[in-house]
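*Asks:* Sequence:
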Amino acid sequence: MQDISPADIFGLNRARAAAKSTNLNPRNLEHLWYPFWTRAASRVATQVDSERCTVAPQFPLWRIWTHDDTQLGDITILSEEDDTMDEEDPVAADLFVDDSDNFDDDLDDDNRTISTINETLSIKTRSRITDFAMVYWLESNTVNPHKDDEEDEIFLIDQEFVAALIEIKRAASRKLTGEKLLHAQEILMDLAQRTVFRQALYLFANHRWSNQKSVLAIAAVGDCWTYTVISRKDHLAQTAGADEMNPEWEPDAAGFDAMPWSNVAIWGKAGEDASRVEEVQKWLVEYFLEEEVGI
-9 MQDISPADIF GLNRARAAAK STNLNPRNLE HLWYPFWTRA ASRVATQVDS
41 ERCTVAPQFP LWRIWTHDDT QLGDITILSE EDDTMDEEDP VAADLFVDDS
91 DNFDDDLDDD NRTISTINET LSIKTRSRIT DFAMVYWLES NTVNPHKDDE
141 EDEIFLIDQE FVAALIEIKR AASRKLTGEK LLHAQEILMD LAQRTVFRQA
191 LYLFANHRWS NQKSVLAIAA VGDCWTYTVI SRKDHLAQTA GADEMNPEWE
241 PDAAGFDAMP WSNVAIWGKA GEDASRVEEV QKWLVEYFLE EEVGI
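Residues -9 to 285, numbered by the working numbering, are exactly what the sequence shown covers, in order.
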């Protein structure tokens, strides 16, 4: 693995500073963390395989259904253009409202627990589109109509793997301190973990990736992150009866509480985080590429 360059560190820290800026992100919105995680994930993808591994934002893992004016019977497929990337995280609607002065983040008035908050956030669509996917494409052959010009090569891609899923949530409110801040971070991270876990189940249920055995799952809150590896064989019962033509079908999310997640670290910081990123890259190269992809 190549060492991260000063330019990479500088670029990552600039993206972090922009997302934390009260000037650029006064309402502490989730999507303004996208540039940071684009840089972070792209760095890892380059280390894994700079030619075949690509970071894809807002990557659909399952068919998306919605009601609108152009109906196919009573249901239609949501196009990418209809997806609301700028939509605020639902958890901010009440518990962690944004950081502008027009809102009040008084957690003392909110008696909800993590479990009850998650019940209100069980929105199918958010579990069917991941914030970022690390996609790996494998070609069977190439065709070059102009043999002297490598740029004219046409790749015949016949295999696709999803090496990693990354689900991010906005950072906890900047108004919070102490126990309230820790409580907010805990709830947001729990939500990110549960969401990416369901995304992995949709991945395994989709015939497009029927041969994939496992996927790396990263959950993030702001620049804090944690990860686990989710295996198909451990969740076969939860994806049984999958029907992509049934808009009501969703996987059984039982089994989440048994998942072993790594400790939370801050991406891009020296020490523990650096070794954690190396663990992720090592799994992607030594297991995923060798065992899953077979190269």
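It should be emphasised that the hints constitute simulated quantities derived from the structure, not laboratory data.
A couple of the hints might just be wrong.
Pairwise CB distance ranges, derived in the manner of DEER restraints [to be verified]:
#1 P16 to S265: 12 to 20 Å
#2 M235 to L171: 41 to 49 Å
#3 T36 to I147: 16 to 24 Å
#4 N3 to E234: 38 to 46 Å
#5 K170 to G245: 26 to 34 Å
#6 E176 to A230: 26 to 34 Å
#7 R17 to G231: 40 to 48 Å
#8 R4 to F145: 16 to 24 Å
#9 R198 to T28: 20 to 28 Å
#10 N3 to Q271: 31 to 39 Å
#11 E129 to G168: 48 to 56 Å
#12 R17 to G245: 29 to 37 Å
#13 E234 to N13: 39 to 47 Å
Calculated pairs, DSS-like style, for lysine-lysine (alpha carbon to alpha carbon, straight line, at most 25 Å) [stated by the list, open to error]:
#14 K223 to K272
#15 K259 to K272
#16 K272 to K203
It should be emphasised that the depicted structure is a prediction, and the values quoted were computed from it without experimental measurement.
For every residue, glycine included, the Cβ atom is placed at its ideal position computed from N, Cα and C.
*Asks:* Now tell me, hint by hint, if it's right for this structure.
*Replies:* Comparing the hints with the structure gives:
1. P16 to S265: 12 to 20 Å: violated, 35 Å
2. M235 to L171: 41 to 49 Å: holds, 45 Å
3. T36 to I147: 16 to 24 Å: holds, 19 Å
4. N3 to E234: 38 to 46 Å: Given range 38 to 46 Å: holds, Cβ gap about 42 Å.
5. K170 to G245: 26 to 34 Å: Between K170 and G245, where Cβ atoms are some 31 Å apart, the hint holds.
6. E176 to A230: 26 to 34 Å: holds, 32 Å
7. R17 to G231: 40 to 48 Å: holds, 41 Å
8. R4 to F145: 16 to 24 Å: violated, 33 Å
9. R198 to T28: 20 to 28 Å: holds, 24 Å
10. N3 to Q271: 31 to 39 Å: violated, 20 Å
11. E129 to G168: 48 to 56 Å: Between E129 and G168, where Cβ atoms are some 53 Å apart, the hint holds.
12. R17 to G245: 29 to 37 Å: Between R17 and G245, where Cβ atoms are some 35 Å apart, the hint holds.
13. E234 to N13: 39 to 47 Å: holds, 44 Å
14. K223 to K272: Distance of about 22 Å is within 25 Å: holds.
15. K259 to K272: Given pair K259, K272 holds - Cα atoms ~18 Å apart, limit 25 Å.
16. K272 to K203: holds, 17 Å
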